[in-house]
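Colleague: Please build the complete structure, drawing on both the sequences and the hints.
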Amino acid sequence: NDEEDGEKDKDTGETADIGGDERTLTIAVGSDMVTFDVHDHINTSTEAIHVNMFNYLVKRDNETGEILPDLAESFENIDDLTWEFKLKEGVTFHNGDELTSADVKYSLERVATGEELKDYPNYNQIKEVEILDDYRFRIITHEPEPVLLNRISRIASAILPSNYIEENGFDHFLQNPIGTGPFQFVEWVRDDRIVFEVYDDYFDGKNEEWDQLVFRVIPENSTRVSELLTGGADIAVNIPPADWDRVADHENTYLAQETSNRTLMIFLRSTEGYPTSDQRVREALDLAIDNQAIIDSLLGGAGVPTITRVAPGNFGYAEHLYDTYNYDLERAKELLAEAGFPDGFEMTLHSPRGRYLQDAEVAEMVAGMWAQIGVTANIEFMEWSNFVELRNANENEDAYLLGLGNSMFDAANALDWYSADRFEGETDYRNDEVEELLAAAMTNMDLEERNEQYIKAQELLAEDAAHIVLHMESINIGVSEELDYTPTMDEMIYVDTITRK
Amino acid sequence: MPQPSIMQGPARKNSKLKRWLKLLFRSKTGTVGLVIVISIVIIAIFAPWLAPHEPNVIDPVNTHKPPVWMEGGDRENLLGTDNLGRDILSRIIYGSQISLLVGISSVVLAGIIGILVGLFTGYFGGFLDTFFMRLADSFLAIPNILLALVMLGVFGPGLFTLILVLGVTNWVQYARIIRGEVLSIKERDFVRAAKSIGVKHRNIIFSHLYPNVISSFIVVATLSVASTIILESSLSFLGLGIQPPQVSWGTILSDGRDYLATSWWLATFPGLAITITVLGIIFLGDWLRDILDPRSVK
Amino acid sequence: MEHALLTVNRLKTYFYTEAGVVPAVDDVSFSIQKGEIVAIVGESGSGKSVTSLSVMGLIEEPGKIVGGEILFAGKDLVGMSMKKMRELRGNQLAMIFQEPLTSLNPVFSIGNQLAESIRLHQKKNKREARKIGIEMLKKVGIARPDKVYDQHPHALSGGMRQRVMIAMALSCNPQLLIADEPTTALDVTIQAQILRLMKDLIEESGTSILFITHDLGVVAEMADQVIVMYGGQVVEQADVYTLFKEPKHPYTKGLIDSTPKIDEWKEELVSIPGTVPGPFEFPEGCKFADRCPFVMDKCKAERPTVTKVGKGHEVRCWLHGEKVVDLNERASFT
Amino acid sequence: MSEHPLLEVRGLQKSFDVTKGFFKKEKQYLRAVNDVSFTVQNGEVLGVVGESGCGKSTLGNLIVHLHEPTAGKIVFEGIDMSALSREQLRRQRADIQMIFQDPFSSLNPRKRVFDIIAEPLRTHRDLNKEELQQEVLDLMDLVGLNRSFLNRYPHEFSGGQRQRIGIARAIALRPKLIICDEPVSALDVSIQSQILNLLKKLQKDLQLTYIFIAHGLPAVKHVSDRIAVMYLGKIVEWTTKEELFTNPMHPYTEGLLSAIPIPDPTKRKEQRPLLEGDIPNPVNPPPGCKFHPRCPYKTEICMQVEPEFTDKRAGHFVACHHPLGAEKQAEKKL
Amino acid sequence: MNYFLKRILEIIPVLLIITFIVFTLVFIAGDPVALLLPEDATTEDIAALQAALGLDDPFYVQYGRYVMNMLQGDFGTSFRYGEDAMLLVFERLPATLELAIASILVAIMIAIPLGIWSATKKNSSIDLVATGAAVLGKAMPNFWLGIMLILIFSVTYSIFPVSGRGSFAHLILPAITLGTGIAAEMTRLIRSSMLETLGQDYIRTAKSKGLRTGIVVYKHAFRNTLVPVVTIIALQTSTLIGGTLITETVFAWPGIGQLLIQAVNNRDMAIVQACVMVIAFFVIVMNLIADFLYQLLDPRIRYK
Ligand SMILES: Nc1ncnc2c1ncn2[C@@H]1O[C@H](COP(=O)(O)OP(=O)(O)OP(=O)(O)O)[C@@H](O)[C@H]1O
Ligand SMILES: Nc1ncnc2c1ncn2[C@@H]1O[C@H](COP(=O)(O)OP(=O)(O)OP(=O)(O)O)[C@@H](O)[C@H]1O
Ligand SMILES: [Mg+2]
Ligand SMILES: [Mg+2]
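Chains as they are written, first to last, in the working numbering: chain P, 3 to 503; chain H, 64 to 361; chain C, 2 to 335; chain Z, 777 to 1110; chain Y, 32 to 335.
Don't read these hints as lab results, they were simulated from the structure.
Treat the hints loosely; a few may be bogus.
As a list, the in silico DSSO-like pairs of lysine-lysine whose alpha-carbon atoms are at most 27 Å apart [said to hold, decoys possible]:
1) K85(C) x K153(Y)
2) K84(C) x K250(Y)
3) K152(Y) x K85(H)
4) K13(C) x K153(Y)
5) K152(Y) x K125(C)
6) K246(C) x K1043(Z)
7) K905(Z) x K262(C)
8) K140(C) x K124(C)
9) K125(C) x K85(C)
10) K263(H) x K905(Z)
11) K127(C) x K85(C)
12) K250(Y) x K85(C)
13) K152(Y) x K65(C)
Derived coverage of chain C by chain Z (criterion: at least 3 residues anywhere in the stretch with Cβ under 8 Å from a Cβ of chain Z; other residues may be distant) [said to hold, decoys possible]:
14) 188-202
15) 217-231
16) 239-245
17) 253-262
18) 265-279
Cβ coordinates follow ideal geometry from the N, Cα and C atoms, glycine included.
Modeller: Here's what the structure looks like:
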């Protein structure tokens, strides 16, 4: 199909216009943005919109995982607790104010101290921001913080205009937000659209491709796909597997896929008394699952089987545990027999429904695979909020299905799910060796050594079959044939990277 | 004169049944309705014997198989398979169980509450009545589906909660109807006659009022079974309906909605099943209204 | 009689119900002269209303006129086109009904409903119609007619509403007025007022009336000619004096005797035994056979035919086969 | 026992709150029964007549305690009913029964004849199955219902038969007093006299006492010993039947009498005096004598002063400033 | 007029009961804090946020606070959006009203002719077809119809835009989707109401005046049929608003329905409360208006 692209312009030109004029980019998203208070949401899809009007001090290269300057021109580690930054000069907010260290201090300290803010838990490691001059400042942490740079390259570290907010109040800012990004805010019609226009004085150069940027909120999958197909949207995110072929085969559109940083896992309960407290049982359950078969039949082949949560591009990535999986029915049966369950056993698998790509279907398939080794898994599907409650109340049974993202791109975040204290009463998994490694790595500023510690921990966890890691999900975006767009692993939609062919 | 016995009862009942059947077959739509409803009830009862496959068995190889008459379809799965390769016909057959169960039991539950409240408030009036009517107004001001949504969100979806929720959201409508009927019937002379005889209130309510209001309840209730089946499918659409592995028509239908453009049969056949059932129930309900209407009893 | 205003000839109106065919009007013949008041009397279900509705052409599904003719001013109304029928209705043929409560449309003002037929049949505009309408209301004895004209039916009492109905019926000077039990729902004192009003108005305009009632008292007060119906058939007809003096049908006699009289003192009232049978329960022969004290074998076997027993006096009874029997001489009912 | 009249009603009043709207300062009351007093002796029949809406049914309902009186006393067998406890009252209901006007709404359509007639027996007497059935069958014989009807439903009967069922129910407990609320108004003429005869016969055979309510005088004439005429919630005349018919003293009674159509064309009262106008709205009754707006004899005093209800002659109570008989007698004296 | 004052005053206890019902439900549901925090939040994080939001108070304190605030016009703050809940609801209200009114119009346009038509031609094949259509309309779930309409009219034939709110064209498919279900109910009710009216005595009177069938049906019968129909439409408001929940989701219509569904999923108590209050108030007002129309249309009530 790809070769024919050029000739199709005539057909597509007409329909594309329904969405707006030529220089407007319309992106259909599944849920509305939550707020412009960048510190008070945990919503990846909101951040995906925000990145077009705000900037962080640094940005992560999606290819290499390297941390690159963004608003900051340079940065350096002074000591265990201190990082010094220098800002680029001439960066302006959309109201023309110049970006200074004061803005950084205001932004980061707001979230680092604002207990009622939803991102507070991820920023309370920062003690203060010390201003050296208009362009130079230091970030001081409470404890050694090896992942500080990762932290401030993501959600809630956008730099806000402190003067503007002080003059007009935060509510005014929420109604009329301004940032430093390539696009500036025009309007937000809730549950309908968020409109931006290009910012001429963007410090990294004005976006010449688009004058206007519209995010349309279309919750119903098939409607979103229909909008894409009819040209009502140029890009549509979260295309359900059901429609992949339709989008890919349609003459006006193609499907752009990328592996995300989200892992689908089955958490097992190691609490005394549960069959899954026996390592052999856990391993058997893992061995019984044919990860690739799930990916092939439910995810149209898009997705990467894995044994670890830490994917390429993340700090602490263990290559030999990625893009592979264990599958051996015979061994699984043996292990079960050894563990004292020659005839299998009955267990409960909780699963959310509609939260992750094909989550319910995956759960059903997993149960089907377990049935082959004699394990009967009764699936209890739950609506998301009930599922959250169940976990908070530690009422989970043998196993539950969960998909975990990691916007920090650091193994610390990923492996914290095995720390014993945090999951006492919930999974009750404890591996003292892993505990030690994680604790050491947490504040270890020697990156090399830290990397080793995490890889070691992952190996131990794999051996122990602590939880079952199924696969990395794919990001599935439908794109108009007229556009070039490659999604990124972090699930952000960087409009600067979207171009007309 | 030979002593007539009270035991003539059954014989007369029989002739009543005959009269009804006669009336039934005179009404074309009534007949159609009854046939549909009986068939569906039979299908629901005998689902395990009628269904060619287990409803939940996944077959990753045979997903999205079209119905038999289309290219690619075969006899194994007459109505095709869904995204997990499950047999749609079997799922629809099994789905009838839950759909009917939800429809009927929630209506019965709502009916019991509604009838009792309606009878007592209508008969006694006074403060209790005022209170219940305000309560009824409140319930009526909240759309059914909204109340169900909130309640299911609160208690979590599931068969039992669903029945409970639908029952609780619907009782008001019956209470109102029954109360209205009671208000008019209690002014009728036979109730006043009973009062003047000194019959106890409880007996008046249950032996005079109840038999006279029950028919209008039955008429409304039949139709509610239909609306409830539809409501359940709407809740499934919102993710709050019946949860797998249990199957209802609503869940099959809403599971299939992502595939309407590619595998239309996933959502269309359960939709058709709902349509036919509703049609049957409505026809039956209309017929019931005609024959249970006291004006038609001549 | 060629000059009769209305001649009904062997009229048959049947209802094809789910339970079977109901011969509501079964071979009914009578005629009405100009300026005459003819009363149809009979018990509930005897077919009085159906007869009158047949004349008005208002029989509806599942009913149907299956035989006979209705000659009005020489034209047969049976089978007349809807359009022509509508021109007659409300114009030369008018009707008032029993229930004053329900016979007026509750949502329109009196004036609106009154003006409707005036405008339709007399081609008057709204203002003229209003004038005529108010005039008519005054005529039927309504005080403050201009106020009542703009009121809605429910502001009026039953008697007033019946007056409005009469005003409506007479507004286009009909030649024949059919009054189907116009006073049954009213109190005696109001009934007396309405009856007098009707009589007075008739005298003025020369309109004929087909007056339907089940009260022989009213018949005696109002009628010139009387038709007695039973089970959808005319069992006797005669002028009012003859009928009351020498009833020839046992049923007529029974009706007269069982009508309470204010000036009579009796230990036990006369009554007709049994009840009127349902539409499918009439006996084979004479429909009155199983309630009749004079019943003969023939009555049970054969439907009686009409016998002429005097001038304008006809009766449907086997008793008067060879010679006319005087029922008054027989102690018939107890 | 016999020292008391069976029933004594003193100053009985019943007002219905008919206030419209929520914030009306003044409540509006409809005095359906307004200061009514009379006595009924054991074994006698009191007829109560009056136009529609004059409060007859309300009076009957008060006596069987379907309504609570607003004021006044009902003394039954010397016992003040308002002094009874609820349970006593319930027991007492066995002694006072009621027969209703509408034979269709007075029988529960979902119950069989047996259950309908047996209901009072089940409520007040402890009978076993056979006794109960025997009792019901006896009652059916008594009111002339075929025993084979035992298991039928009411809709299978004609009006007259239904009324018989209602009568059987009312006499089942051999009550001392029966209120008959227009028991024959809804029936055909030929059936009316059957029921009246039956009631009369039962009264004699079972030594019953009736309060017999009716619209018009002809109906009560036959059964009553004494008659009370009501107008707008008040009794305006109360005396023996003979006295009332021969010597009516209240102008309203006279009007009622003259409005009755006579079933004899030879006695047409062409220009008899008729009462004019309608009954006034009972919520705003006229001042003075309630009847004055319609009274042909009214004078100044009638418009202002409400006449007292006194016996103008022995046993003949009238509420009128200008009683007719008195004038006549005065004339006679002159 | 007093009657209306009474009716209006009756709204107050009704609204109070509604707040109580919903508040209780949401309270039982548990607090939303866990949902507000990331998947990896700790128990301490949760407790901290709970205290910050005042969610650790007992029920009556919370309810009392809610009612007191409500009386001062403060319906609480959305946890999710951090904004005044009532403002959020009012922001969406116009869209929902637009859709609701358009749907009612669609329903009326379908139901009145169909209902009258099938009543006047009772038991004919037309009647049967109309009844069948009505039943079908009732039996098709809204979302199924909506998606189908999009696939047919937007994707295949490009006649109407797929989704969103904007031009008149945007309104058509959602209004049809929502209107059809209500039309089905209305048709049946108009038919039976019409049938009943046609059997009334005054219809016979009208005919006896020699009026044309058209006038008899459309003047005399229809005005009387309107009385129950107005009430039915008012009673359907509740169903209608319920229907917007689904229709709005399918057509990405930015109204209350979508807001509400998300609020329920996120335990956003303030928004759920505010939505329910607004919807209930709207339904009640519609019923009041119906009552008023009732009096206008049926003079009987005025003279009662
Ligand atoms: N629409 C109808 N369908 C079936 N049968 C009917 C219909 N209308 C009248 N009948 C039957 O026709 C017969 C005569 O009825 P009609 O109304 O003429 O009696 P009537 O003499 O006017 O009685 P009433 O005094 O009660 O008005 C009755 O047996 C009735 O059952
Ligand atoms: N429950 C009630 N509430 C208000 N008004 C009532 C009530 N019952 C009766 N009335 C009024 O009281 C008056 C007397 O009514 P009642 O039924 O006693 O009259 P009636 O003489 O029996 O009339 P009818 O001859 O029509 O049966 C009427 O004006 C009636 O409207
Ligand atoms: Mg009649
Ligand atoms: Mg009465």
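Colleague: Each of the hints needs a verdict: does it hold here or not?
Modeller: To see whether the hints hold, each was checked on the structure:
Using a Cα cut-off of 27 Å, the hinted pair K85(C) and K153(Y) holds, with the two alpha carbons roughly 25 Å apart. Taking the CA atoms of K84(C) and K250(Y), the gap is about 19 Å. The hint holds against a cut of 27 Å. For the given pair, K152(Y) sits about 24 Å from K85(H) by alpha-carbon distance, which is consistent with the 27 Å threshold. Restraint check: the Cα-Cα separation between K13(C) and K153(Y) comes to about 25 Å, which is no more than 27 Å; the hinted pair holds.
Restraint check for K152(Y) and K125(C): the C-alpha separation of about 33 Å exceeds 27 Å, so the hint is violated. Distance hint between K246(C) and K1043(Z) is fulfilled; the C-alpha atoms sit about 12 Å from each other, no more than 27 Å. Between K905(Z) and K262(C), the direct Cα distance comes to roughly 46 Å. Violation of the 27 Å bound is thereby established for this hinted pair. For a cut-off of 27 Å, the pair hint linking K140(C) to K124(C) stands: about 21 Å separates their Cα positions.
With a CA separation close to 20 Å, the supplied pair K125(C) and K85(C) stays within the 27 Å bound. For a cut-off of 27 Å, the pair hint linking K263(H) to K905(Z) stands: about 20 Å separates their Cα positions. A hinted pair counts as satisfied when its Cα atoms are at most 27 Å apart, and K127(C) with K85(C) qualifies at roughly 24 Å. Between K250(Y) and K85(C) the alpha-carbon distance is near 21 Å, which keeps this suggested pair within the 27 Å criterion.
With a C-alpha separation of about 17 Å, the suggested pair K152(Y) and K65(C) falls inside the 27 Å cut-off, and the hint holds. For the region 188-202 of chain C, the stated coverage by chain Z is satisfied: 9 residues place a CB nearer than 8 Å to a CB of that chain, which reaches the threshold of 3. As drawn, the region 217-231 of chain C meets chain Z at 7 residues by the rule of a beta-carbon pair under 8 Å; at three or more, the given contact holds. Taking a C-beta to C-beta cut-off of 8 Å, the region 239-245 of chain C contributes 3 residues in contact with chain Z, enough for the three needed, and the coverage statement holds.
Figure legend: the region 253-262 of chain C, annotated as covered by chain Z; annotation consistent (7 residues with Cβ-Cβ distances under 8 Å, at least 3 required). Check on the region 265-279 of chain C: 10 of its residues sit with their Cβ under 8 Å from a Cβ of chain Z, so the three-residue criterion for coverage holds.
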